[in-house]
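Undergrad: With the sequences and hints as input, model every part of the structure.
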Amino acid sequence: MQDEIYERLERRKQKLKEVRKKHIIAYEKELAEAKEKGRSVVWSTSLMPVEILKTMDLFLYYPELECGNSSVDGQMGYFCEEAEKIGGFSRDVCSFIKGAIGGMYKGERARGRFLPQPDLVIGEGTQCDAFNKGWEIVSRHYEVPLFRLDGPYYFKDPIQNHELEWGISEIKRMITFLETHTKTRFDWDKFKEIMKLSTQVFDIIVEILEYRKSVPQPVSIFDSMRHWSHLVLHLGTEASMEYWPIVLEDVRERVEHGVGVVENERFRLWYDQVPLYHMLDYFDYLRKRGAAISYEANWLGFILGMYLNGHRYDPEKPLETLALKHFYGHLNTGLPGQIQRAIQIVKEWRIDGAIIPANTTCKLYSQSVLEKSRILREACGIPSLLFDIDCFDERDTDKNKILRDTDQFLEILASEKTERGGQV
Amino acid sequence: MTMERVAEFSEAYQKRHELAQEWKDQGKRVFGVLYGKVPEEILSAADIVPVQLVEDREHASYVSGKPSLDRFYCDFVVNLWGQGLKGIYDYLDGIVMYDACEAAKVLAGVWFLRKKVPFFYWYPCSEETKEGARIFHQKEMNQFKARIEEFAGRRISSDDLSKAIRTYNENRSLMKRLYQARREDPSLISEREFFEVFQAGLVMPKEQHSRMVYKLLERIVSEASPKKKPGPRLFLSCVISEECISSETDLVSMVEELGGEIVSDDLLFGPRYYWEPTPLTKEPMEDLLDRYIGGMPMPFKSKSEQWTELLVEEARRQKVQGAIVVIPKYCTLYLWDYPFLQSRFEKAGIKTLVIEGQENIPQARTLTRIEAFLETLAH
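Here the protein sequences line up with chains A and B, keeping their order.
Counting in this note's numbering, the first sequence tops out at residue 424, every number present.
Counting in this note's numbering, the second sequence tops out at residue 379, every number present.
It is worth saying that the hints were derived from the structure and are not from the lab.
Don't take each hint at face value.
As a list, the in silico DSBU-like pairs of lysine-lysine whose alpha-carbon atoms are at most 35 Å apart [unchecked claim]:
hint, chain 1, residue 1, chain 2, residue 2
1, B, K24, A, K156
2, B, K66, B, K282
3, A, K172, B, K139
4, B, K15, A, K85
5, B, K329, A, K401
6, A, K156, B, K282
7, A, K347, B, K115
8, B, K28, A, K106
9, B, K86, A, K156
10, A, K401, B, K66
11, B, K116, A, K417
12, A, K37, B, K303
13, B, K282, A, K172
14, B, K176, A, K317
15, A, K190, B, K303
16, B, K66, A, K347
17, B, K303, A, K85
18, B, K15, B, K66
19, B, K329, B, K319
20, A, K156, B, K347
21, B, K215, B, K319
22, B, K163, A, K156
23, B, K115, A, K156
24, B, K86, B, K66
25, B, K319, A, K85
26, B, K139, A, K190
27, B, K139, A, K192
28, B, K15, B, K282
29, B, K28, A, K156
30, A, K347, B, K116
31, B, K130, A, K317
32, A, K417, B, K28
33, A, K106, A, K21
34, B, K303, A, K106
35, B, K66, A, K156
36, A, K21, A, K399
37, A, K156, B, K215
38, B, K163, A, K196
39, A, K417, A, K21
40, A, K192, B, K130
TA: In structure tokens form, the structure reads like this:
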């Protein structure tokens with residue numbers, strides 16, 4: 001029986017891998033042929049209401065995914081250095097955007113892939129300073145029009161009517177901009193269909209998220225990162241509906257049969273940062289010591305922030321949905337709002353401890369890690385592991401120190417869990 | 001350099017906390033404000049004294065602020081938070097913080113969580129002037145006014161607002177006169193003196209400040225200033241003025257003593273704060289909206305082209321030969337924009353010297369760099 005389950009899980013894993021590969025190949029092919037086929041290429045970010053861009057049949061290129069890939073390959077230092085040399089940018093600015101700019105200057109992309117030139121740059125300026133400025137630099141370099149989405153910031157209070165109205169008006173302004181520059185009318189019927197697809201995916205992700213409250217943890221951070229990348233590329237497309245039901249089936253079966261991703265799960269962790277892309281073996285290090293990441297901040301960044309604030313995708317109110325998604329994005333959330341979320345996550349996902357790296361060139365993901373740690377200790381009684389690291393740029397990383405601190409943190413976790421009567 | 005003419009301003013700035021306590025003893029309420037795009041007129045109309053939160057440049061404040069703010073936040077934010085933790089601003093009845101940059105967002109977050117201020121308001125902003133943004137700002141400003149009325153326990157009438165607007169406009173008009181006088185003849189008042197004047201205006205009621213500025217204007221016009229040999233004309237770009245004067249190094253005095261003439265600047269609390277009057281053409285709240293939405297580009301939310309264009313044009317108008325750019329360490333926006341700003345200045349034939357602002361700007365090294373820079377401008 002047990003063997004059958006494992007075999008089925010393994011087959012599904014292979015199937016997901018094949019589907020993902022097929023979608024990546026299709027994406028790259030489309031990217032390479034986009035201009036030839038008369039499609040405009042847009043550089044944008046997953047933090048945007050991408051369903052609008054997809055409705056306009058624009059081909060989207062996400063530098064953020066490339067930064068992730070470059071960092072995994074240990075190439076971000078190279079790209080950042082190029083941006084520092086050619087563009088004169090400081091070592092202290094966001095490596096994520098700087099790496100993308102370095103690639104732009106060199107005309108290179110991670111893994112030697114084709115780097116498309118944009119016809120438009122569609123960015124946003126509310127979430128962080130680097131995004132605010134980075135898109136401008138790209139648009140100046142390629143001499144193409146730039147649209148920068150503005151909107152309200154979620155400091156601590158739930159969204160108010162006038163904030164929602166402004167958010168919606170900004171999305172409408174974006175539609176007008178796109179219509180003007182592509183000389184194409186916005187197809188509202190197509191938009192509604194895309195929003196229906198996004199809603200289905202959103203609902204699946206929410207279901208998976210709820211399953212992640214289970215012990216043992218059914219989703220690993222590695223799976224999570226793969227799913228996240230897929231979602232960035234394919235949200236609002238048929239491809240997403242080929243992929244996500246398989247993921248859901250997998251997670252559901254794991255929960256039903258109690259098959260976790262960490263053998264002998266000892267601790268459940270909340271990971272409050274983007275992944276350490278150039279040090280992914282860190283998560284393996286945790287896994288081998290029985291620590292399961294049970295929630296990662298990545299998901300809050302561009303789709304699930306709204307869920308924790310009581311909202312879901314609603315295809316009947318598409319503009320309102322996208323405005324809410326943008327408003328509750330994790331980077332668009334102030335420290336009080338982020339801490340409120342962290343407390344909710346720790347309580348509902350039964351978290352034993354938090355890992356909160358201070359991402360040294362990203363002020364908004366980090367937002368006073370010490371305050372977060374202090375409040376999580378006070379409100380939930382859990383310890384946190386804090387360390388400084390640039391999550392993208394591999395230069396200057398003191399890996400051994402991080403591992404030493406992690407060992408100590410896991411010892412603290414074990415002793416506190418034992419004191420509370422838990423088993424480790 | 002004698003500072004006798006502006007001693008009154010220096011004293012008001014140095015004693016800002018004692019003065020605030022005196023206003024409180026007189027029954028006034030005092031609010032701390034972060035950045036100049038909060039409509040202070042609304043506070044003033046409710047009989048609340050708004051004071052800008054300023055860096056005290058004390059080492060102890062940086063030491064207090066650092067532990068809870070991570071190492072990659074600018075000194076401005078670290079210092080303010082250090083002062084907050086030390087209780088220096090505990091006398092404030094309220095705080096209004098403005099969505100200026102990511103560091104300001106984080107400062108607002110920790111302040112809100114750690115300090116129990118009787119009134120706390122997060123003031124959102126946009127540089128967009130499109131219809132949607134305007135409607136949002138109108139509603140936000142109305143909400144801000146309503147919250148202030150509720151806190152103050154009194155209604156703010158149109159007359160109250162108009163009076164406050166006129167008071168602020170008068171102050172802006174006097175400051176602009178002072179600015180222009182200096183541009184026309186830098187020997188009338190030094191930039192270092194000017195710093196004392198505008199800094200005092202940030203932390204005291206505008207009526208009092210206007211009286212002092214008026215007196216100073218009369219004095220500098222009537223007194224014959226000793227003419228000195230004109231030095232290289234300079235532009236000073238620095239968002240946070242406190243960054244120019246550290247405990248170890250007074251950058252502005254250093255430049256002037258070495259013979260440079262700072263004839264224009266883009267200090268956040270220079271032209272942006274003091275120049276643009278509120279038009280008195282509609283209802284006061286509408287007038288305030290007209291003033292506070294859009295306006296002079298800032299490195300925060302404006303597009304880089306707009307901001308750099310403003311600086312380069314101004315530098316050209318003032319026939320500037322060189323620009324000194326002081327960038328607070330870890331000021332992300334400035335760091336992103338600087339390469340573009342430098343290229344625009346250079347394209348306009350204006351050389352630049354960049355100095356990284358930090359708690360202590362090293363004196364000897366900075367002196368050498370400025371000397372060398374002035375030397376290159378002379379040839």
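Undergrad: Return the numbers of the hints above that this structure violates; sort them in rising order.
TA: Of the numbered hints given earlier, those the structure breaks are 2, 4, 8, 14, 20, 28, 32, 37, 38, 39, listed in rising order.
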